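Based on the provided sequences and hints, a complete structural model is requested.
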Amino acid sequence: MNLLSRASRIVIKVGSSLLAGEERKPRARWLATLAEDVAALRAEGKHIIIVSSGAVALGRDRLCVGGRKLKLAEKQAAAACGQTALIEAWQAAFAPHKLHVAQVLLTLEDSDNRRRYLNARDTLETLLAAGVIPVINENDTVATAELRFGDNDRLAARVAQMTGAEVLILLSDVDGLYTANPRTDKKAKHIPEVPAITPEIEAFAGGIGSDVGSGGMVTKIAAARIATASGCHLLVVLGLPEHPIAALSAGARHTHFRALDNPENARRAWLSHKLSVAGEVVVDDGALAALKKGKSLLPAGVQEVRGNFERGDAVAILSGAGKEIGRGLAAFHSEDARQVIGKKSADFPEHLRGLGRDEMIHRDDMVLLDDR
Numbered sequence: 095m096n097l098l099s100r101a102s103r104i105v106i107k108v109g110s111s112l113l114a115g116e117e118r119k120p121r122a123r124w125l126a127t128l129a130e131d132v133a134a135l136r137a138e139g140k141h142i143i144i145v146s147s148g149a150v151a152l153g154r155d156r157l158c159v160g161g162r163k164l165k166l167a168e169k170q171a172a173a174a175c176g177q178t179a180l181i182e183a184w185q186a187a188f189a190p191h192k193l194h195v196a197q198v199l200l201t202l203e204d205s206d207n208r209r210r211y212l213n214a215r216d217t218l219e220t221l222l223a224a225g226v227i228p229v230i231n232e233n234d235t236v237a238t239a240e241l242r243f244g245d246n247d248r249l250a251a252r253v254a255q256m257t258g259a260e261v262l263i264l265l266s267d268v269d270g271l272y273t274a275n276p277r278t279d280k281k282a283k284h285i286p287e288v289p290a291i292t293p294e295i296e297a298f299a300g301g302i303g304s305d306v307g308s309g310g311m312v313t314k315i316a317a318a319r320i321a322t323a324s325g326c327h328l329l330v331v332l333g334l335p336e337h338p339i340a341a342l343s344a345g346a347r348h349t350h351f352r353a354l355d356n357p358e359n360a361r362r363a364w365l366s367h368k369l370s371v372a373g374e375v376v377v378d379d380g381a382l383a384a385l386k387k388g389k390s391l392l393p394a395g396v397q398e399v400r401g402n403f404e405r406g407d408a409v410a411i412l413s414g415a416g417k418e419i420g421r422g423l424a425a426f427h428s429e430d431a432r433q434v435i436g437k438k439s440a441d442f443p444e445h446l447r448g449l450g451r452d453e454m455i456h457r458d459d460m461v462l463l464d465d466r
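Every number in the working numbering is 94 more than the matching position in the sequence shown, counting from 1.
Honestly, the hints are just simulated from the structure, not real lab data.
Model, not experiment: these values are computed from the prediction.
Some clues are possibly wrong.
Stated by the list, open to error - Here are the simulated DSS-like pairs of lysine-lysine, each with C-alpha atoms no more than 27 Å apart in a straight line:
#1 Lys192 - Lys119
#2 Lys438 - Lys389
#3 Lys437 - Lys417
#4 Lys417 - Lys438
#5 Lys387 - Lys438
#6 Lys165 - Lys119
#7 Lys438 - Lys386
#8 Lys389 - Lys437
Stated by the list, open to error - Distance ranges between label pairs, derived from CB positions:
#9 Ala189 - Gly401: 47 to 55 Å
#10 Ala134 - Ala297: 31 to 39 Å
#11 Lys389 - Asp216: 13 to 21 Å
#12 Arg209 - Lys386: 38 to 46 Å
#13 Pro335 - Asn359: 33 to 41 Å
#14 Gly161 - Thr278: 20 to 28 Å
Yeah, the Cβ is synthetic: ideal placement off N, Cα and C, and Gly gets one too.
Shown next, in the form of structure tokens:
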């Protein structure tokens with residue numbers, strides 16, 4: 095499909111019921127076909143991120159807890175047992191294509207806390223630049239009942255938001271959204287496209303889902319809200335058959351939740367309108383000219399740092415005359431920022447060298463007021 099061919103960055107979410115099945119063992123053949131699909135996308139130069147459930151399902155037998163409902167501590171223990179099996183299954187699937195995978199475990203706080211958000215995003219960007227496929231799962235071993243994504247549909251949407259992906263694919267045990275549960279209502283009609291999430295669309299969601307996974311159509315609607323608001327298209331497609339991504343590209347039935355904007359515009363709106371600033375940085379005329387050309391803000395062009403802020407906090411960018419010209423996410427703590435203003439990276443204090451933070455504010459984390 096054209097949407098996939100145009101996308102440069104795609105997030106694919108795989109649920110427990112697809113990866114582990116009822117026997118709670120990796121579906122090796124199915125994983126191999128999915129890996130072949132992903133390898134084909136990688137050969138086209140696309141960045142692919144996988145969000146994978148399955149650690150708890152794969153760890154149950156090792157913990158000898160069978161298929162009963164687990165207490166929180168048991169679920170955390172099962173996840174700890176199953177994580178190694180999960181990443182081994184993914185690496186085995188990609189090995190024939192000479193592609194490496196990396197395990198990344200996230201919690202809700204990693205996306206809500208801007209400093210940890212930047213750290214996680216930097217790690218993912220470094221992996222993608224190296225040609226490695228990140229395999230992300232919620233860190234169930236430390237997440238609590240109060241602070242957790244609760245399902246990997248929403249985790250996948252947060253990852254798509256974090257990385258600026260254009261498309262999020264939810265591989266499911268149903269081929270999209272219906273007007274009712276198609277398993278119990280023969281009159282249920284498939285909905286191929288959702289331009290906007292309305293109360294009527296939410297009412298269609300119901301509780302469709304398997305016994306193996308924790309998701310359902312309700313969580314997919316919630317994920318769609320996050321993804322589409324971030325400028326990312328979300329596709330719900332049947333994942334059970336082999337080569338599910340190739341099938342989607344060939345026109346397999348699915349539901350398309352349309353992005354409300356493109357990722358760049360959505361990010362700019364977030365930076366310029368939705369964040370309160372924690373401090374200010376004053377730039378010289380040379381830096382101002384560079385920013386207007388789309389460059390990052392370097393410490394050498396900063397004249398003054400005002401306020402106290404953490405890395406990842408939003409700060410206002412001021413001209414020498416005191417006019418606010420933009421906003422962005424600080425790459426340094428305010429105290430560290432004061433130690434590097436007016437300097438090139440080679441002249442940073444020793445404890446700030448080698449952190450990979452040459453910019454005061456990266457251009458991807460900045461919006462100029464003229465761009466509003």
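(request) For the pair supplied as a hint, Lys438 and Lys389, confirm whether the alpha-carbon distance does not exceed 27 Å. (result) Within the cut-off at roughly 15 Å; holds.
(message) Can you tell me whether the CB distance of Ala189 to Gly401 sits inside 47 to 55 Å?
(response) Since the Cβ atoms of Ala189 and Gly401 sit about 50 Å apart, the hinted range of 47 to 55 Å holds.
(request) With 38 to 46 Å as the target window, see if Arg209 and Lys386 comply at their CB atoms. (result) The hint (38 to 46 Å, Cβ to Cβ) is violated, given that Arg209 and Lys386 are roughly 28 Å apart.
(message) Check whether the Cα positions of Lys389 and Lys437 lie no farther apart than 27 Å.
(response) 17 Å, holds
(request) Mind checking the alpha carbons of Lys165 and Lys119 for me, to see if they're no more than 27 Å apart? (result) OK: Lys165 and Lys119 at ~21 Å, within 27 Å.
(message) Tell me if the beta carbons of Gly161 and Thr278 are separated by a distance inside 20 to 28 Å.
(response) 23 Å, holds
(message) Between the beta carbons of Lys389 and Asp216, is the distance compatible with 13 to 21 Å?
(response) Given about 19 Å between the Cβ atoms, the range holds.
(message) I want to verify a distance hint. Is the separation of the beta carbons of Pro335 and Asn359 within 33 to 41 Å?
(response) 35 Å, holds
(request) Go ahead and decide if the range 31 to 39 Å is satisfied by the Cβ distance of Ala134 to Ala297. (result) The hint (31 to 39 Å, Cβ to Cβ) holds, given that Ala134 and Ala297 are roughly 38 Å apart.
(request) Starting from Lys387, check that the Cα of Lys438 is at most 27 Å away, please. (result) Given that 27 Å is the threshold and the Cα spacing comes to 20 Å, the pair holds.
(message) Does Lys119 sit within 27 Å of Lys192, going by the straight-line distance between their CA atoms?
(response) 24 Å, holds
(request) For the pair we were handed, Lys417 and Lys438, check the Cα-Cα distance against 27 Å. (result) 25 Å, holds
Hint 12 alone, counting from the list given before, is not met by this structure.
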